[in-house]
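Work the whole structure out from these sequences, hints included.
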Amino acid sequence: MKKIRKTLKLLELSAEKAVQVFETNTVMNLSPAVVDVLNPILSVEFDRVVLFQNKAIVQGTIFKNLIYKAVGGQLQYVNEEIPFSKEVELPGVSPNFTTGRFNKMILTNNVIEIGPGNRGTQTGIDIQLYVTQLTAAQIILDTTTVEQKIILDFIIKVSEYTQQDVDLPAPGPVFECRNIINCNNLDC
Numbered sequence: 357m358k359k360i361r362k363t364l365k366l367l368e369l370s371a372e373k374a375v376q377v378f379e380t381n382t383v384m385n386l387s388p389a390v391v392d393v394l395n396p397i398l399s400v401e402f403d404r405v406v407l408f409q410n411k412a413i414v415q416g417t418i419f420k421n422l423i424y425k426a427v428g429g430q431l432q433y434v435n436e437e438i439p440f441s442k443e444v445e446l447p448g449v450s451p452n453f454t455t456g457r458f459n460k461m462i463l464t465n466n467v468i469e470i471g472p473g474n475r476g477t478q479t480g481i482d483i484q485l486y487v488t489q490l491t492a493a494q495i496i497l498d499t500t501t502v503e504q505k506i507i508l509d510f511i512i513k514v515s516e517y518t519q520q521d522v523d524l525p526a527p528g529p530v531f532e533c534r535n536i537i538n539c540n541n542l543d544c
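For what it's worth, this note's numbering labels the leading residue of the sequence shown as 357, then goes sequentially.
I should point out that these hints are in silico values taken from the structure, not numbers from a laboratory.
For clarity, every value in this text was computed on a predicted model and none was experimentally measured.
Where hints are given, some of them may not hold.
In silico SDA-like links for lysine to any residue, alpha-carbon gap of 20 Å or less [to be verified]:
| hint | residue 1 | residue 2 |
| --- | --- | --- |
| 1 | Lys425 | Thr488 |
| 2 | Lys411 | Ile470 |
| 3 | Lys373 | Thr501 |
| 4 | Lys365 | Leu524 |
| 5 | Lys513 | Lys425 |
Structure below.
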């Protein structure tokens, strides 16, 4: 059987880790006065990952809407942006990777911007971030101050693009002609 050799570009997992970020935020001078707080609306946006030897720094922003009931029963909204930065130990991760016929070591740009879908790619390195939990507890300290404790759990996956030669079977013909019928009249 005839074979065809193809070079495929594959992702090889270098490191994976579950991470927890804990942030405390205090909102002061709320007006009108706070009577009760409602469940917040939370979302997270990862901005960048900076790779170092055996570790990474993940940076992003937690977006939060503080919704509270004021004196008189009015609902009030306060939009907040809480930046965070978390250092993560990732044994086996390096901003360098080996490529080419001579296994040449290449230093990549170690700052990888994270785009929509919580994914970023930079010169042979692929980062994926998966949010597993984003919650907040809110405590009314006094009539004008609310303390928030925010927990963000996510998984970081760092992979490298590698090239691998694969032998595939040669494709067969799409149609096979078994019998040819000659037709010299118009009725065929």
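Hint-by-hint comparison with the structure:
| no. | hint | in the structure |
| --- | --- | --- |
| 1 | Lys425 with Thr488 | violated (29 Å) |
| 2 | Lys411 with Ile470 | holds (17 Å) |
| 3 | Lys373 with Thr501 | violated (36 Å) |
| 4 | Lys365 with Leu524 | holds (15 Å) |
| 5 | Lys513 with Lys425 | violated (41 Å) |
Comparing the model with each earlier hint shows violations of hints 1, 3 and 5; every other hint is respected.
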